[in-house]
Structures are given as C-alpha cells and as structure tokens.
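Asks: Please model the complete structure; the sequences and the hints are all you need to start from.
Residue numbers (the working numbering), protein chains in the order written: chain D, 1 to 591; chain X, 1 to 167.
Do not take every clue at face value.
To be verified - Some chain X residues judged to face chain D by a derived CB distance under 8 Å, without partners named:
1. Trp66
2. Leu84
3. His87
4. Gly122
5. Glu123
6. His124
7. Asp126
8. Val127
9. Arg128
10. Asn129
11. Leu130
Derived from the structure by calculation, the hints contain no laboratory data.
The beta carbon of each residue, even a glycine, is placed where N, CA and C say it ideally should be.
Here's the letter readout for the chains.
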Amino acid sequence: MAVWFGRSKKWTSSSSEGGRGWSNLLTVILTLTTLGLLASTAMLYWEQERSRQALAISVRTSGWVAYQAQLELVRSRSAIRVAVIAPSQEAMDNVGLRLAILRSRLPLLYGSEEGRLLPNIQQYRGLLEGYESLLDGYLDRETPTPGSPEAVDVLNGLYDELAPLSQTLQTVLQSAIAYNEEVYRREQMLAERSAFVPLALLAVSGGLLVVFLILQGARDRQRLMAMAAAEEEAASVRENLRALIEAMPAMIVVYDPNDLEVYFINAMGLALINPSSEHPDWQRFLAAAQTALPDRDELDTGWGSFSFPRDERSIVALRGSRRPITWEGRTLCLLALADTTQLRDAEYQIMQAAKLSTLGEMASAIAHEINQPLAVIRMAAANARRLLANGDTQALQTKLSRIDEQVERAKRIIDQVRSYGRKPSLRAERFALPRAIDLAISFVAEQYRLSSIHLLLDLDLSEDVMVDGEQTLFEQVIVNILLNARDAYEGTEIDADRRVVSVAAATDGIKIRITISDAAGGIAESIIKDLFEPFTTTKPDGKGTGLGLSLSRNIVRKMGGEVSVENIASGARFTIVLPVADGGVGERSAA
Amino acid sequence: MLSKLTRLLAALAIAIFPGAALALHPQIDLTVRWKAQDGTVLKEQTLDTAALETLPQSTFSTTTPWTDGIQTFSGPSIGEIAALGPHPVKEAKFSALNNYSGTLPSEDWTVLGAILATRHNGEHMDVRNLGPFWVIYPIDKQPSILDVQRYHGRMVWQVKEVDFVVE
Numbered sequence: 001m002a003v004w005f006g007r008s009k010k011w012t013s014s015s016s017e018g019g020r021g022w023s024n025l026l027t028v029i030l031t032l033t034t035l036g037l038l039a040s041t042a043m044l045y046w047e048q049e050r051s052r053q054a055l056a057i058s059v060r061t062s063g064w065v066a067y068q069a070q071l072e073l074v075r076s077r078s079a080i081r082v083a084v085i086a087p088s089q090e091a092m093d094n095v096g097l098r099l100a101i102l103r104s105r106l107p108l109l110y111g112s113e114e115g116r117l118l119p120n121i122q123q124y125r126g127l128l129e130g131y132e133s134l135l136d137g138y139l140d141r142e143t144p145t146p147g148s149p150e151a152v153d154v155l156n157g158l159y160d161e162l163a164p165l166s167q168t169l170q171t172v173l174q175s176a177i178a179y180n181e182e183v184y185r186r187e188q189m190l191a192e193r194s195a196f197v198p199l200a201l202l203a204v205s206g207g208l209l210v211v212f213l214i215l216q217g218a219r220d221r222q223r224l225m226a227m228a229a230a231e232e233e234a235a236s237v238r239e240n241l242r243a244l245i246e247a248m249p250a251m252i253v254v255y256d257p258n259d260l261e262v263y264f265i266n267a268m269g270l271a272l273i274n275p276s277s278e279h280p281d282w283q284r285f286l287a288a289a290q291t292a293l294p295d296r297d298e299l300d301t302g303w304g305s306f307s308f309p310r311d312e313r314s315i316v317a318l319r320g321s322r323r324p325i326t327w328e329g330r331t332l333c334l335l336a337l338a339d340t341t342q343l344r345d346a347e348y349q350i351m352q353a354a355k356l357s358t359l360g361e362m363a364s365a366i367a368h369e370i371n372q373p374l375a376v377i378r379m380a381a382a383n384a385r386r387l388l389a390n391g392d393t394q395a396l397q398t399k400l401s402r403i404d405e406q407v408e409r410a411k412r413i414i415d416q417v418r419s420y421g422r423k424p425s426l427r428a429e430r431f432a433l434p435r436a437i438d439l440a441i442s443f444v445a446e447q448y449r450l451s452s453i454h455l456l457l458d459l460d461l462s463e464d465v466m467v468d469g470e471q472t473l474f475e476q477v478i479v480n481i482l483l484n485a486r487d488a489y490e491g492t493e494i495d496a497d498r499r500v501v502s503v504a505a506a507t508d509g510i511k512i513r514i515t516i517s518d519a520a521g522g523i524a525e526s527i528i529k530d531l532f533e534p535f536t537t538t539k540p541d542g543k544g545t546g547l548g549l550s551l552s553r554n555i556v557r558k559m560g561g562e563v564s565v566e567n568i569a570s571g572a573r574f575t576i577v578l579p580v581a582d583g584g585v586g587e588r589s590a591a
Numbered sequence: 001m002l003s004k005l006t007r008l009l010a011a012l013a014i015a016i017f018p019g020a021a022l023a024l025h026p027q028i029d030l031t032v033r034w035k036a037q038d039g040t041v042l043k044e045q046t047l048d049t050a051a052l053e054t055l056p057q058s059t060f061s062t063t064t065p066w067t068d069g070i071q072t073f074s075g076p077s078i079g080e081i082a083a084l085g086p087h088p089v090k091e092a093k094f095s096a097l098n099n100y101s102g103t104l105p106s107e108d109w110t111v112l113g114a115i116l117a118t119r120h121n122g123e124h125m126d127v128r129n130l131g132p133f134w135v136i137y138p139i140d141k142q143p144s145i146l147d148v149q150r151y152h153g154r155m156v157w158q159v160k161e162v163d164f165v166v167e
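Replies: As structure tokens, then:
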C-alpha cells in the first residue's frame, strides 16, 4: 500500500527514537544514582545514630558499675568501723552482708559487658582478684565474737587492707568519667557531623537531580524543536506534493471506496467531469471507474480504459489505474486517469478513413455485385413486357416476383455498404458476435469471389453469444484481416483451387476464440513480431498504411481481448480471443 | 539467742559441708507483699529458698551481660509467686539488697517468661554470686527483644523484696 508523505515522517521518527533511547538510559542511571545516594544517606544516618546510642548507654552503665563498687566499698568500710566501735552480732552480720555485696561487685568490673568498656580495666584484673580472695577469706572463716580483741584485730586489719581498693576504684571511676566525657565530646561532634553528612549528601543528591532536570529539559526542548522542524518539513513536502498533483496533466481523485465520498480532486479532474465535487456526476463517475478498473495493489500496474458519458453529447475516454492509498491517516482509493478522448477520436477518424478507403477499393466489386441483380431485373422486365403483350398474366406474376427478389438483393448489398460505412457510436454496446462475423464476411464475399478465394466457415457459435464493444469497429477488424489475406494471395502464383481462407469460431462459455487462417505462404519472420506495431506492412508502397493491424489490436484490447498472429504450415493464422459478455449491463469495454 | 544457735549450726555445717556453708551464708529470705493501687498492703508473706522451690519450676539456659558463656537458671515463674496472693497482679517491683529496684509489668512473666531464679547452673546462689534471688529473662530465646538495656535494667539481682501491685 502506498504511504504518501511517509518518507519525511520516517526520518522524524527514526531520529527521535535514537534520542529517546539515549535519554532513557540517562534517566535510569541518574534516577538510580539519586536513589542510591538517598538510601546511603538514610543508612549512614541510621547506623551512626544506632551506634551512638548503644555506645552512650554502655559507657554510662560502665561508669555505673565502677560507682556501685566504690559505693559498696564505702558502705563495707563504714560497716567495719561500726562493728569495731559498737560491736554487736548484728553489726558483724551487717559486715558479712556488705562484704558479700562488695565481693559480688568486683568481678563485674572486668567480667561484665558494661565493665569491659572501662578504660584499661583488664590491667586491674589481677589486683581486683586479689581483693576477691581477701574478701572470700574473711567471708569463709568463722565470724569472730563481736567485740573480742580478735574481732577488733581482724576488722581493723580488713579495714586497712581495703583502703588501697578505694584508691584503685577511684582511679577506675575517674578514668571512666574522663572516658565518658571524651565519649560525650565525640558524641557531640558526631551529632554535629551526622547532621552535616546527611545534609551534604542530600545537597549533592538534590544538586544531581537539578542538573538532571536541567539536562532533561534541554533535551526535551531540543527534541521539540526537531519535531517542529520535521513537522514543518512534512508540511512543505505535503504542500509541494499538492501543487504537483494540481499541476499534473492527469486527473487525480482520492475517494473512499466504500461510500464513494470524494476527499480530493485536482484541477484537471474538476475540469474534466464537473467543477463541483458535490455534483452527483462524481458519484456516477466513481461508480463507473470502480466497475471498469480492476482492483490492484501497488506493485501491479493495472491500467484500464473506460468511457464516461459526461452528458448527452460528449463521452469522455479515460485510461489509468486505481489503487489503495493512505491519505491523511485514512485508507482510501487513488484514481489516476489520463484523458484519452482526443486519442480515441483520432483513432476513430483513422478507422473511418480506413473503412472508406476499403469501400473505395471495393467500389468496382460493389458495382459489379449490384450490376448482377440489375441485369436480372432488366431481363425480367424485358420478359415481363413481352409477356404483358402476350397476356400471359400467370408468367408475368413470376417475372415481377423475380424483379422484387432482385431489388431486395440489391437493397441488401447497399445496406451492407451503408452499414459498413456508418460512423462508430463512441459507446460500448452489447452485440451478438456471430451476426457481426457474418456481416464482415458477407462484405468481403464478393471480393473473394473475384479473387477466386474459397472461404471455409466453421462457426461453432449459437446466435446469442454476446460481446461488449463497438460493433462497426469489430467488423472492421475482421474485414481488415480477411482483406489482408486476400492481398497476400494477390501477388502469388497459387492455383485457384488452393486459395483458401478458413474462418473458425468457438467458445467455452467464458472466452470466444476466432481464428482466420490462409495458405498464402505466411509472414516474414523479420516482421512478424512487429506486425501489430504502427506502420508495419507487408504490402508494396502506396498500398497499405501500416495502421490497420495496429488499430485492430487497440479495438480488440478495448474489448478486453487479445489478437495474435503466427505462421502455420502454409500460411498465417490470426487468432482473436474475446471475453463473453457477463451478466452486467456492459458498461465496461471498448470505447 | 536464736541467731547464736543459727550461727553455731552454721559453723557446724561449715565444718562438715564447707561448700554448702558458702551457699547458705548469710541466710536471706524473700519478703513478698501484695499492694492495692493506693499502696495499702493486702497481704505480706516471707518465702525462703526452700518455699520458692516448692512452686512449679522453670529452667532455661541463656547468656547474660554479667556472666561468661551460656548459663542455666532455674526458679519459679514470677507469675507463680504472684499467684500466691489474693488478686491478679498488674506489676511487680523487685528490690535488691543495695535498694536498687526494677519494676516488671505482668507481660514480662506471662509473655516474656521472666523467672525469679534460685539456682544458677544447678547451685543455689549466695550474695557473693549475686544471689540469693535473681530476676532472669530467657534472653537467648528472643535476643532481638530482650537483649536490650530496658530488660537488662529489670534483671534485678540480690533480690530481698517483691511488691506486687494488684489490679
């Protein structure tokens, strides 16, 4: 299917398609980058926040562990002092409990999760374990009697021995506090930076997005401009094409094949059929074209001819083709036709001249033919006069009847001549083929008789086999071939009894095949292939025009048929193949 | 006088079973109170280790922030102790020897499985080893929920008192 203006569209689409592919890739990459940056920002922030919190809590609790131990040491030592100053069993029990609690606190300094965070705690481990043994030693021994000198000694000894532990725990606690402060300072820094880093990342991401959007915007603008330019180009191409179509010396019509609505007609078309595209003539015309021209696709140059009666007086002859087209987005039908009216008229004039020339050629034969009935009439008239004198009315009757018959015969001959010489009707009509063949043959019969040529007829056609075309022109085709056969015998020495021309016709219901064969030696191989071309003749100069067979071929083609020639055993054979007229009204055919 | 006798018995016990004496010295019992919302004491009871071990026992192994490696703890669910009282319990406040305290909502034992451990790796705990009673959660069963500061803070050791607040 032809796509008009398709080329410029294709250019546009292909160029923008490439651009789109590239920009799609860019979009994906930039979007992924931005998303990645955003995600990493969020993750970084979250991670920082989490570790910051975890660290802060652990560090604070680690200080708490040291503080608790310190507190228990102070309580234990004061409990010891109380037991020494105000000895009682209760005070001794309290010392035991306090020391047990202190003992429980010491391993936590280096053995628990919080304790392990204390700075350099592992270096105190041995020292602390020493104190644990000391405490265990006291707790596992039998409690001395309260107030006894032994108890005072033991308690005082313990009190003094625990004094350096206070120093140690103080050191641990202080370093924990210092560490805490350091951590706090770092935390603050981290907090500030953690605010800065995501902000910076966000700024970078945002910046990238802005850059991307600017780039994208620029690309879009560029693409838009390219599209506008392409649109403009397409429009100008369309404009040029319209101008071209308008200026063409052919008729161009674009219409919808379904409802025969007209979309476009060029100036030539308007001038040829009707200046108004709304006129009903157009519907009539398109219907005729639709019927007459075969439905072809774009590769097939399916040319056809048809005539259209514009009004009562003039019939337009047209030649061209019909094909599908995409017109402004619709699937329509394009009709491109050349006006062949003048050509047809010229052909008819030549044909008419040829016929008249044939008539002139045959004038002596016709005269001779008419002479015969006239001679018979004269003799019959003479006899009648004699019989009238004799009063033999019976015989007179017979003579007058003979005169009548002969007048009828002469009239038939004159009718034939008149019929042959009549002008073609310009319009294709349906006619009975056997009758036309008979007419043509009877027209040359006398000529053949004079030239001593036998006509063998084998017409296997019923009377009502119809064909579409111009009858007088078809008759001329047959006459033309028959006279050519006669001319072929003219210059030869062939015996009279071997001068034979056979005319045969047969049909298979679809096509009719007519053959005309002679035995006059055939046509020279050098010209047989150009025989139907104009100005090809086998006759001596001055005799033939060289147009007869060319015109014959045109006539047969316009009837939808074909004419061909070949050499057979002793002569030439012309074959005409014609389609039998179908059930239609016969619009389509020779013009 | 009584304490003197106890002391004597303890000395005797040390002589015969030094290991056992270590665990039992000094003897501390658990004071349990049930209180109304306004603080009125509804019921008060003292339970020693033996009494607590007559209740249905839970045993599980877990790590804790204060011990090295996997430890096995056993003792009654806190819900079993709470059930000794007259009313359903809303929360429990555990107080330690050093007066540290932690408050557990009832979900902590009904849902999260907190127990009051009396035994650590099968042994009774004395004060030196953070005994005699220690609130323990099965941390390793749901580390993502339980191994956090919030529950670490509720794992009160050296428990001496429980105050249940009833609904």
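Asks: For a quick check of understanding: which of the numbered hints are violated here, in increasing order?
Replies: 2, 3, 4, 5, 6
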